[in-house]
Amino acid sequence: MSLHNRISVFRAERGISRRQLAEAVGVNNQTIGYLERGDYKPSLELALKIARHFGVAVEMLFSFDRFEPIAMTLERAQEKVNEVQS
Amino acid sequence: MKSSHRSILSRLDDTVRWTGIPARVADEMSDAPLIDRKHRPLRWIPIWPIAFSCALFILSLTWPSALDLGRLYVVIVALQVTQLALVPAFHMNGPLGKPSLEDDEREAALRKDSFLFCLGLLAWLNCLGQPILLILSQLQNWQTVHSVSVAISALMLNATLFASLPTLYASWNLRQLPKE
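Top line first, the protein sequences correspond to chains X and H.
The end of the first sequence is residue 86 by this note's numbering, with every number in the run present.
The end of the second sequence is residue 1180 by this note's numbering, with every number in the run present.
I should point out that these hints are in silico values taken from the structure, not numbers from a laboratory.
This structure is a prediction, so every number in the text was calculated from the model and none was measured.
Where a beta carbon is used, it is the ideal one built from N, C-alpha and C, also for glycine.
Hints are not guaranteed to be accurate.
A short, non-exhaustive set of chain X residues, derived as facing chain H with CB atoms under 10 Å [unchecked claim]:
1) Val27
2) Asn28
3) Gln30
4) Thr31
5) Gly33
6) Tyr34
7) Pro42
8) Ser43
9) Leu46
10) Ala51
11) Glu59
12) Asp65
Under the rule of at most 20 Å between Cα atoms (straight-line distance), these lysine to aspartate or glutamate pairs were calculated in the DMTMM-like manner [stated by the list, open to error]:
13) H/Lys1179 / X/Glu23
14) X/Lys41 / H/Asp1014
15) H/Lys1038 / X/Glu23
16) X/Lys41 / H/Asp1104
Here are the computed distance ranges between Cβ atoms for each label pair [unchecked claim]:
17) H/Ala1055 / X/Val56: 50 to 58 Å
18) H/Leu1009 / X/Ser43: 41 to 49 Å
19) H/Asp1027 / X/Asn29: 20 to 28 Å
20) H/Asn1126 / X/Met72: 52 to 60 Å
21) X/Ala77 / H/Arg1040: 41 to 49 Å
22) X/Val56 / H/Trp1044: 39 to 47 Å
23) H/Thr1019 / X/Glu13: 43 to 51 Å
24) X/Ala24 / H/Asn1126: 40 to 48 Å
Pulled out of the complex, with its shape left as it was, chain X reads as follows:
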């Protein structure tokens, strides 16, 4: 079963390099590259470390299903805000 992740999205959003993230979670920076590309499935420990580094739940970063595009997530969030306001 393939494991999808949004590490590159979070990394870009926080403006940190692969090397910085690798040093923070204690792995080689190439390992972050392979993780982002889906060539390597992390251990539970590494997944939790990365999630803790970004301050989010592990489900926000890793999923068995494809993540929807950020634009769609924002659109749905905006719709909910509009619903609450109306």
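We have chain X; now place chain H onto it with these hints.
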């Protein structure tokens, strides 16, 4: 101590030190390595010693008279021994060349898979090959010289495969990462 009084073991230690590999491993494991070495995938270089050893093994099986020529055989064995001494040098530059203590979880998994693949393949080849060689030697009435040359080339092939296959497996399992 004078060099003439040194034991064989101490001379062997000197030979190992002369290769430079112990100093290199010590440097890589130190807190501040002098040289930042890159361990790149080696997809083609390990194939050469394997091909050479396979060719010699097939030659010793199919054309034993070629190896009966004393000097030629000595030259071939000398070439193989030199090759076996050189194989660790390219292993050191390959993806498994750095000390295993520094591996992260992905690298440790790759190292484990590479050696499992290598040992599994060697076990399978030997389990299958040994009875076949035994039957062949009986059917074709091999002379002692022929049996010895086949045994030596099989030993060299085993040693070459053990030294080269893990690097080859790991190199083909690492895909090029785009630069950030």
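Verification of the hints:
1. Val27: Holds. Min distance 4 Å.
2. Asn28: Given a least distance of 5 Å, the restraint on asparagine 28 of chain X holds.
3. Gln30: 6 Å, holds
4. Thr31: Check passed: Cβ of threonine 31 of chain X comes within 4 Å of chain H, closer than 10 Å.
5. Gly33: 4 Å, holds
6. Tyr34: 6 Å, holds
7. Pro42: 7 Å, holds
8. Ser43: For serine 43 of chain X, the interface hint holds, since the closest Cβ of chain H sits about 5 Å away, which is under 10 Å.
9. Leu46: It holds, given that the least Cβ distance between leucine 46 of chain X and chain H is near 6 Å, below 10 Å.
10. Ala51: With a closest approach of 16 Å, the alanine 51 of chain X hint is violated.
11. Glu59: Hint on glutamate 59 of chain X: violated, closest Cβ of chain H at ~21 Å, above 10 Å.
12. Asp65: 24 Å, violated
13. H/Lys1179 / X/Glu23: 18 Å, holds
14. X/Lys41 / H/Asp1014: 44 Å, violated
15. H/Lys1038 / X/Glu23: 18 Å, holds
16. X/Lys41 / H/Asp1104: With a Cα-Cα distance of about 13 Å, the restraint between lysine 41 of chain X and aspartate 1104 of chain H holds, given a limit of 20 Å.
17. H/Ala1055 / X/Val56: 50 to 58 Å: For valine 56 of chain X against alanine 1055 of chain H, whose Cβ atoms are near 57 Å apart, the range 50 to 58 Å holds.
18. H/Leu1009 / X/Ser43: 41 to 49 Å: 43 Å, holds
19. H/Asp1027 / X/Asn29: 20 to 28 Å: 21 Å, holds
20. H/Asn1126 / X/Met72: 52 to 60 Å: Hint holds: Cβ distance 57 Å, inside 52 to 60 Å.
21. X/Ala77 / H/Arg1040: 41 to 49 Å: Holds - the Cβ-Cβ distance for alanine 77 of chain X and arginine 1040 of chain H, about 45 Å, lies within 41 to 49 Å.
22. X/Val56 / H/Trp1044: 39 to 47 Å: Since valine 56 of chain X and tryptophan 1044 of chain H have Cβ atoms about 43 Å apart, the given range 39 to 47 Å holds.
23. H/Thr1019 / X/Glu13: 43 to 51 Å: For threonine 1019 of chain H and glutamate 13 of chain X the Cβ distance comes to about 49 Å; the hint holds.
24. X/Ala24 / H/Asn1126: 40 to 48 Å: 46 Å, holds
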